[in-house]
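2 protein chains.
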Amino acid sequence: MTKEGNGPQVHMEANRGGLKDGWFFEENQGSSSFGIRVSEHLHSERSEYQKIDVYDSEFFGRFLTLDDLMMFTERDEFVYHEMLTHLPLCSLPTPERVLIVGGGDCGCAREILRHPCVRQVVQCDIDERVTRVCEGFFKWLAPVLESPRFEALFADGIEYLRHCEGDFDLIIIDSTDPIGPAVGLFQSAFFETARRALRPGGVLVNQTESVHWSSELVAAVVGQMREVFPQVATYWGAIPTYPSGSWCWSYASETRSPADFFDAERAELVARDCRYYHPAMQSAAFALPLFLRRALEEEARA
Amino acid sequence: MTKEGNGPQVHMEANRGGLKDGWFFEENQGSSSFGIRVSEHLHSERSEYQKIDVYDSEFFGRFLTLDDLMMFTERDEFVYHEMLTHLPLCSLPTPERVLIVGGGDCGCAREILRHPCVRQVVQCDIDERVTRVCEGFFKWLAPVLESPRFEALFADGIEYLRHCEGDFDLIIIDSTDPIGPAVGLFQSAFFETARRALRPGGVLVNQTESVHWSSELVAAVVGQMREVFPQVATYWGAIPTYPSGSWCWSYASETRSPADFFDAERAELVARDCRYYHPAMQSAAFALPLFLRRALEEEARA
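Heads up: the protein sequence lines correspond to chains A and B, in order. Mapping of the first sequence onto our numbering: position 195 corresponds to residue 195, and the numbering continues sequentially without gaps. Mapping of the second sequence onto our numbering: position 251 corresponds to residue 251, and the numbering continues sequentially without gaps.
Just so you know, these hints were derived from the structure itself, not from any lab. Keep in mind that this is a model prediction, so the values were computed, not measured. Each residue gets a CB set at the ideal place from its N, CA and C atoms; glycine is no exception. Honestly, I wouldn't trust all of these hints.
Quick look at which bits of chain A chain B covers, simulated, 3 or more residues with Cβ under 8 angstroms [to be verified]:
#1 26 to 36
#2 210 to 216
#3 272 to 279
Below, in silico cross-link-like pairs of lysine to aspartate or glutamate (EDC-like), each with a Cα-Cα straight-line distance of 16 angstroms or less [stated by the list, open to error]:
#4 A:LYS20 / A:ASP56
#5 B:LYS20 / A:ASP21
#6 A:LYS20 / A:GLU96
#7 A:LYS139 / A:ASP56
#8 A:LYS20 / B:GLU146
#9 A:LYS139 / A:ASP68
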């Protein structure tokens, strides 16, 4: 994945995190720090790809870190997983086949399976150990892994997508930060591969980083998406344990705007099991803070 | 202020904060911690009411703490001040007189003065030293303090309000957390005093704490407001340096719902100088995370 689009470079400095004096902390750009008091360090291993840790804490419950960076806590993972799935799914009339690239913790799959119309969820994460470790510590994995509608592949998502053609109604990129091997998942060459794997009218959704602390990065990633997709729209939500406390995702399609269609009935149905998403979020989440909207407008003019 | 409403008790444990090893940190409920790398400790004093500190930092600029708790940073104060002012002001056809209770840093006053129709802003903060210290370190205070439309009173806001009757189109409660003396500002007896100080059709807006980490407290405060005001609606925004990274405010009126009126033209005008608020936020900010909406619905049924 050395080929890059023409937009600004997608680049991010790795944050620094770890366990110190009974606290898990994560430093952002050496300027701010978020910490969680740990009650128990439940698991630690190095897989072929990364360091995987699971901690327990009183306030946040159990939480997973990869390479010492926060992935999710039991207390607030619902925001990320609900917003990355229900919003795009409810913008599609009858989504049947969904691909998750990354997402080894199965949080996205859990939410997608709430939609009765979805017949198959394929999850392609490169690191099987993430799924196996999570299976041992987080109770939502067992029912997902047992579902006949769910298929877990442990492979390179980019390679996998190269062999798909017009297969999916929705592709969700549930990746780590654009650092090291994950950088490829934020570049136009990858989005082009993904585009070809979508059915006509299909949608790709991508996690596009911190609202407050990386508007330039958000704009750079959206610029890469715009090279491939005529329609790209960014939306956001509040996640306390992610840098700056709010996060955004971007919705891309060849033909579809998120405002074109909304299955309010299905949104109401899935929201019964939600804690963040509900029908009014479907449009409200696109009202970005003005500074981020301006950064995206500027990117579009560049 | 010992009289209380019949709703659940408004109560909050004080967070713990301070300077340690070159970082300002604030701990929430002993469970999480947010830190900012400090480049210089610019000022420290104890006023008659509280400890006042000003720090400098590379990423967040200068920031103010009271009793070692974060009040605002130059980097993200705009969210709080824009959302506490422009949203209610744009819901009123011609707001002329506005009262700020607290707000000694003049951030709210700075935003209110952008509305040409506002003829007078009265700011009543008990601690003159906050304003004087901020005047020395934050550049927006000088033009506010010099404005002929602005009046600063240094007095007990509750006492001051007792002598007002039908005077204000908008009352903004820009207070510290409901701890110690500020608890009174979150109780129905105070809201009743404030109600009498509003003109017919007037609005009160109050900061009502963290979205993610205090939904019970938010519901308790809103319960106190509902004892006095038939219309109460809560809205929210993303503020990285406040606990959990998102914050909410509540809009209360005897007769007016925030959906009744919107001066889109004035909103567009003031948004030119904004970085967070813009016309689409006027309704989107009321789409609360579902868990908070449920907590408020439960309070309403209780």
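Hint numbers contradicted by this structure: 6, 8 and 9
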